[in-house]
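Counted from 1, the sequence shown has number 153 at position 153 by our numbering; the numbering is strictly sequential.
Any given hint might turn out to be false.
Calculated pairs, DSBU-like style, for lysine-lysine (alpha carbon to alpha carbon, straight line, at most 35 Å) [said to hold, decoys possible]:
hint: 1; residue 1: K77; residue 2: K213
hint: 2; residue 1: K60; residue 2: K33
hint: 3; residue 1: K202; residue 2: K163
hint: 4; residue 1: K37; residue 2: K77
hint: 5; residue 1: K163; residue 2: K32
hint: 6; residue 1: K118; residue 2: K141
hint: 7; residue 1: K202; residue 2: K213
hint: 8; residue 1: K58; residue 2: K213
hint: 9; residue 1: K141; residue 2: K201
hint: 10; residue 1: K141; residue 2: K163
hint: 11; residue 1: K77; residue 2: K58
hint: 12; residue 1: K210; residue 2: K141
hint: 13; residue 1: K213; residue 2: K33
hint: 14; residue 1: K77; residue 2: K60
Simulated from the structure, these hints should not be mistaken for lab results.
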Amino acid sequence: MEDKVDNIIANVGIFGSLNAQDIKTLAKMGEKKHWLKGHQIISEGEEGTALYLILSGKVKVVLYGEDGREIVLSIMKDGDVFGEMALFDGEPRSASVEAIEDTECFIIQGNDLLEYIKVHPAVALNFLSHLSRRLREADRKIGGLALLDVCGRIAHTFLGIAKNTAGGVQEKKVVAIERLTHEEIAAMIGSSREVVSRALKKMTQEGYIKVEKERFVLHI
Numbered sequence: 001m002e003d004k005v006d007n008i009i010a011n012v013g014i015f016g017s018l019n020a021q022d023i024k025t026l027a028k029m030g031e032k033k034h035w036l037k038g039h040q041i042i043s044e045g046e047e048g049t050a051l052y053l054i055l056s057g058k059v060k061v062v063l064y065g066e067d068g069r070e071i072v073l074s075i076m077k078d079g080d081v082f083g084e085m086a087l088f089d090g091e092p093r094s095a096s097v098e099a100i101e102d103t104e105c106f107i108i109q110g111n112d113l114l115e116y117i118k119v120h121p122a123v124a125l126n127f128l129s130h131l132s133r134r135l136r137e138a139d140r141k142i143g144g145l146a147l148l149d150v151c152g153r154i155a156h157t158f159l160g161i162a163k164n165t166a167g168g169v170q171e172k173k174v175v176a177i178e179r180l181t182h183e184e185i186a187a188m189i190g191s192s193r194e195v196v197s198r199a200l201k202k203m204t205q206e207g208y209i210k211v212e213k214e215r216f217v218l219h220i
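Sequences are here, hints too, so could you generate the full structure?
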């Protein structure tokens with residue numbers, strides 16, 4: 001399992017400047033923890049004290065409204081990191097993270113990571129680049145939610161997933177992503193399952209989307 005942690009760390013952009021020995025040192029600083037599907041990993045508003053690196057499984061980053069409605073900000077898989085924002089600004093967690101599959105994470109305590117960054121300043125520059133990409137993605141998503149209709153928001157969301165996940169495929173005129181449920185799509189675009197179902201049916205009939213067994217294919 002240590003080799004698995006080393007391999008995943010080596011392929012995470014924020015640690016891309018580290019050599020093999022630095023990676024092994026970092027891998028010894030954290031611990032692994034497992035959550036079952038449906039369990040909450042972190043809660044909005046709690047103190048942020050650690051960085052999480054997904055080793056296996058899938059999580060959703062989510063906000064909950066007063067009426068219980070949820071808005072999914074992103075879906076993350078193995079190799080993705082979360083929890084980094086609170087380490088730098090000292091503010092409480094800005095969103096909750098819930099396991100949507102059985103999930104295992106490698107957890108590095110914030111104080112340990114910040115001390116490590118002092119010795120490896122290139123990692124700090126990688127974090128700046130990483131956070132800038134997150135901010136650009138947030139701007140892109142806000143623009144899509146504000147300016148597009150439901151079909152446009154679905155297409156916009158699929159494009160974003162393909163761009164930001166290892167499982168996404170984006171070619172010249174075709175985008176393919178792992179198939180999501182209508183409820184998951186609705187939560188990501190701020191709509192309802194019924195509206196999403198109608199929009200997907202329309203987009204399928206008009207040839208914009210092809211629904212396959214394990215993925216959506218969007219023709220652009």
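Subject >> Distance restraint between K213 and K33, which requires alpha-carbon spacing of 35 Å or less >> reply: Given that 35 Å is the threshold and the Cα spacing comes to 31 Å, the pair holds.
Original post:
Taking 35 Å as the top limit, are the C-alpha atoms of K163 and K32 close enough?
Top reply: holds (28 Å)
Original post:
Within 35 Å, alpha carbon to alpha carbon, are K210 and K141?
Top reply: Roughly 23 Å separates the two Cα atoms, so the pair holds.
Original post:
Going straight from one Cα to the other, do K202 and K213 come out at no more than 35 Å?
Top reply: holds (19 Å)
**OP:** Could you grab the alpha-carbon distance between K60 and K33 and see if it respects the 35 Å cut-off?
**Re:** holds (17 Å)
Subject >> Distance restraint between K77 and K60, which requires alpha-carbon spacing of 35 Å or less >> reply: holds (9 Å)
Original post:
Given the hint that K141 pairs with K201, does the C-alpha gap stay at or below 35 Å?
Top reply: holds (23 Å)
Subject >> Hinted pair K118 and K141, Cα distance within 35 Å >> reply: OK: K118 and K141 at ~33 Å, within 35 Å.
**OP:** Mind checking the alpha carbons of K37 and K77 for me, to see if they're no more than 35 Å apart?
**Re:** holds (13 Å)
**OP:** Quickly compare the C-alpha distance for K202 and K163 to 35 Å and report which way the hint goes.
**Re:** holds (24 Å)
Original post:
Under the criterion that the straight-line Cα-Cα distance not exceed 35 Å, is the pair K58, K213 satisfied?
Top reply: Holds, at about 19 Å.
**OP:** Assess, step by step, whether the Cα of K77 is no farther than 35 Å from the Cα of K213, and give holds or violated.
**Re:** holds (20 Å)
Checked against the numbered hints given earlier, the structure satisfies every one of them.
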